[in-house]
Amino acid sequence: MKLKLYTAVLICAMISFASCDDDVKKNLEKVNYALTATSGTFPNQTAYVFGTNEFPSGSLGTSQAAELTGGGMMYKFGSEVYVATFGEPATLRKYSFDATGVPQQTGSITVPGLKTFGAVEFVSATEAYAASNGFGGVPKLVKFNPSTMQILTTVNLTGLQMDGATEVYYLGMVIRDNYLFMGVNYQDATFSNLADSVFVAVISTTTNNVVKLIADGRSSEMWNGGTASSFSPNSLIKDANDDIYVTGYASNGKPSGVLRIKDGTTDFDADYFFNLDVATGMPCLGLFHFDNGMTFTIRYSEKIAYPFDTDANFDPLAAAEIYKIDLNAKTSEGRISADLPKLFGNSIFMTKWDNGKIFFNVPAATFNAIYSYAIVDGAVTKEFDLETGTCNGFTKLD
Amino acid sequence: MKLFILLPLLVTCLSAKAQIPVGGSTVPSDTVQLLQEVTVTGENEVSERLRGQPVNVAVINAMPFYKTNATALDLLRQVSGIKIKQSGGFGGRTDFFINGSTGKQVKFFIDGLPQDNLGETQMLNVYPVEQIERIEVYKGVLPVDLGADALGAAINIVTRKETEDYVDGSYSIASFNTHRLNVSGRKYLSDHFFVGAMANINYAENGYRIEAEVPNEVGNVEVKNVRRFHDVYKNYNAKLQAGIIGTAYADQLVLSVLTTGLYDQIQNNLLQAQAYGSAFYKERLVTGSMRYQKENLIRHFDLSSFLSFNRVHGLFMDTSRNVYSWEGKIVDRKYGGGEIGSSGHALHLYNHVVNGKITGAYHFTDNIKLVFSNTFQRYYRTGRDTVAQKFYGGLDYYGSPSTLVKNIAGLGLEGNFFQSRLKFSSAIKSYTTRLSGYEIEWQTQTNSSESMHAFAYNTALSYSLNGRFIMKASYEHAARLPEAEEALGDMMLIKPNPRIQIETSDNINLNVLYNHREIDGGLTTFFRDVTNIIYLRTAQNGSQYQNLLSARVWGIEGSVKYRPVPAFNVNANFTYQDLRNQSVIKGNGINNDRYKNARLPNIPYLFMNGGVSWKRNNVLTKNTVLQVWWNTNYTHEYFLYWEVDGAKELKNRIPAQLLHHTGISYAVGGRGLSFAFEVNNITNAQSYDNFRVQLPGRSCSFKVRFYSYKKEKTT
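The listed protein sequences correspond, in order, to chains A and B. Numbering-wise, the first sequence is residues 1 to 398 according to my numbering. Numbering-wise, the second sequence is residues 399 to 1113 according to my numbering.
Calculated directly from the structure, the hints in this document are not laboratory data. No experiment lies behind these values; they were computed from the predicted model shown. Here a beta-carbon is modelled for each residue, glycine too, at the ideal position from N, C-alpha and C. Check before you lean on any hint, since a few could be wrong.
EDC-like cross-link-like pairs, simulated, lysine to aspartate or glutamate; straight-line CA separation at most 20 Å [what the hints assert, rightly or not]: (1) A:Lys352 - A:Asp315; (2) B:Lys994 - A:Glu387; (3) A:Lys143 - B:Glu615; (4) B:Lys732 - A:Asp163; (5) B:Lys788 - A:Asp163; (6) B:Lys502 - B:Asp514; (7) A:Lys303 - A:Asp291; (8) A:Lys115 - B:Glu615; (9) B:Lys1108 - B:Glu560; (10) A:Lys238 - A:Asp291.
Reference excerpt, derived from the structure (chain B facing chain A, CB under 10 Å, subset only) [to be verified]: (11) Glu611; (12) Ser741; (13) Asn895.
Given only the sequences and the hints, what does the whole structure look like? Please build it.
Next up, the structure:
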């Protein structure tokens, strides 16, 4: 009898402990969650960075937030948050948080002449890469130490220039083997796509030289930035097999779609193309891929809003939906919830830190909130609202 | 710190209590007077007449400042209700805030003629004080004969028009390698015919020191005290006049030819975060004009008219690929384009502007008149940019012309009763504009044109009580038409907006003025309800002007001047303005309730000025005047972004400014030589009008002036 009792108590205890997810185990003496959000109404809008001890609930304000001078893109690595602000000179700031959630800037790197850093990819606590936006700037890829926030070396990207390209954007990065794969977008004199191809630069991380520029014309062009550490739709992702998937933007009669660079190769896989226009019925933007194999894309229900989230009069138009897709089967499972409103697609991000939920933001026309997607059954639940504008990043700190 | 703020006010109060009796002494009109006297005074007949008008107007008599080193901005800064934000040193870009109006809502005039689309060479930040008779600042209702679509504020420069022969020359040297030379003169060749010339040259290196962030070799910024190295500003201004006055057919008929130019090096971006070392802007204006004026042209009917032809040539040069650090070193090279723009620019812009204005007044009686005014402007713009054209594969975004035609007609009734104790004015205005331009998208040029029309109306009353108090009340429904760039874009970075709407504002002003013996003061409260405010909305796929904001403005301002004895003068003024957002912009993801009724950010809302001066005649020798003065300006801190967002201690703010200036002048008689020595920002305080854009520290200046005049003409 006693044995049964002890066994029952033990089982109950184990169940109790097992049901404690990471959120319950959080240390309330430190900040466990970090957010950035765009706040304000035009023409005075800027980004705010802040942290919370507990998982947010209700409606979240910015009373503990540090105010940046303009928009910013958030990256997360370890227990630190990094924000690349827009405007010269390109600056990447690193933030830690005090016990109350107030962020403290603990370092920064700045490169004069650059407009901003378009993508940041972390390799380790002491190695990371930051690429400039190329338009009218110094074409550079900066290798830096995220711990000390010091630039280690630079990669000259002049070799990626192309005749007739008036604007060059470096978009998204993935590191595999000893190569850094970086998306490149070329615009011509009319602010149009220079060549209807998706371009990816292959850069050696050992010699810090551009190895080659590969192109594929099955989709129109590279569009989004984003890395594994960012909070934006990604243009390049790497799956568990070390295959790299690259999204192309729909334009000039070519569909949006996914290309592949197979493990061990540095060229596009001629046998693989996932036509997102066909699979979802409308043009799509970017990928969100997680270690459990789940993949999502942003599908626009109105073509006029693709990809700037504006209507014909340049007024804001929320028309995007989150679709779940299968990269291997090249199929769409449809939108993740019929209850979600239409969203501003460029502001959507999805993030995951445990095996229970994928968190994503809902930048809608009338409200902003963080929702979750249950990995087990796909249930979509609102977690908390934001009193401000769009959430630019939400993460759990390690 | 607080002591400096309170001192002028305290002195004012104590002095007021002292009630030192004074005689009826008068001050010669050309006696050196100082900044603190920038209020309506009884010393000038025109000023006094304007003061009594129903509209809310402040008048600055410039003549007392000819001998000082003050700029027109310095004069305006001392007026209650006005805040000027400047981005840099001499010649730096300025933004005016007048009773809550700002940007293009504030209209500028020279001798009553709008300066829209005439470039930057005639702006107040460089306009020589020695060529100004007075500056009129209208806050609220604008007189019908001013003829402009202002939204509640206007500044009118009235140029110098002596009725005697004179010659006036001055040279000043100041810190940061600043030199200013001014000469002007007028000669009457007969009782009715004169010729005149006015010219000035300014040069400023603006090499003042600032605290700047300089990245080191590993990309970490170090704050260093550096000297601005690419901020030269120079301009010239030359005007020839010939005119007839006091004849049977014309009180005034004046022909003028004006040429002006400027060269302005661009030192940094908006946040002073990135230094530039090569980019510059040049501009040249050539104007020919004719002015005619005749009272009683026919019985009871006055007529005045003005016609001018203007040609503005602007050149924005941005072709260097060098990247500069704040230490002035070249630290990198871009692969193409310019320092600022991705294409680089050698952008020539040519504006041809025709301005015409006619004003007629019919006097029903001595007390009532009907005023009609019509102002016409035709603006034609074209340009070329060979550098950008090459970058954009041969496409010239500036090649085709844009035009704007604007007509403003107004009809007003003015009158006074009860021995002029009660005055009123009422007017209705009609604004019409037609704009035509084009946009280029996907290499296809699309022509566009649009027409707009608006009505505005106003009424104003003033009542003089026992000759000491004047009470005023005015209401105006004002409107502002979109300007060419706002509706048509700039063909490259700013897209046209054919749906842009007219800005409107309902303005109410209440004033009480007091003037008796040694005390002169005033208290004003104002209310504005502004809708469809036009802002430039920047976006990744092209910027565009849009109607983005509505706001309510309430404010109060007061001023007092006390002169217990003729030799001593103390003054102070304050302004508090509360600008609150009223926008409800739906569907763009913003929680509007959060910002409704929130204070508009990045606009100063509390500021005050004070000063004292002391004067002594016959120092060292007879017929001389020695004067010493001290002025203090205070601006309360304000936030760059919305107050309701972010942790208070971590918010970006424009810090409080407390600046002190002093000077001494010595004048030999009403004519002859005078000298002035001034120190601005005595404490060398770090000061900012715009976020992170540091203004000059302590600066000294010395000025010598020679002035001579001959017999006065009777006209």
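How the hints compare with the structure:
1. Only pairs whose Cα atoms come within 20 Å are accepted, and A:Lys352 paired with A:Asp315 is rejected, the gap being roughly 32 Å.
2. For the proposed pair B:Lys994 and A:Glu387, the alpha carbon gap of about 13 Å is at most 20 Å, so the pair holds.
3. Of the supplied pair hints, the one linking A:Lys143 and B:Glu615 holds, its CA atoms being roughly 13 Å apart against a limit of 20 Å.
4. Distance restraint check for B:Lys732 and A:Asp163: the Cα-Cα separation of roughly 16 Å lies within the 20 Å cut-off, and the hinted pair is therefore satisfied.
5. Of the pairs offered as hints, the one joining B:Lys788 and A:Asp163 holds, with about 13 Å between alpha carbons and a cut-off of 20 Å not exceeded.
6. Taken as a hint, the B:Lys502 and B:Asp514 pair is honoured in the structure, with Cα atoms around 9 Å apart against an allowance of 20 Å.
7. Restraint check for A:Lys303 and A:Asp291: the C-alpha separation of about 31 Å exceeds 20 Å, so the hint is violated.
8. Between A:Lys115 and B:Glu615 the alpha-carbon distance is near 18 Å, which keeps this suggested pair within the 20 Å criterion.
9. A C-alpha spacing of about 11 Å is found between B:Lys1108 and B:Glu560, which places the hinted pair at or below 20 Å, so the restraint holds.
10. Pair hint A:Lys238 plus A:Asp291 holds up; C-alpha atoms about 9 Å apart against a cutoff of 20 Å.
11. Because the smallest distance between the Cβ of B:Glu611 and any Cβ of chain A comes to about 7 Å, under 10 Å, the interface hint for this residue holds.
12. Of the supplied interface hints, the one on B:Ser741 holds, with its beta-carbon coming within about 7 Å of a beta-carbon of chain A, less than 10 Å.
13. Interface restraint check: B:Asn895 against chain A, minimum CB-CB distance 8 Å, threshold 10 Å, status holds.
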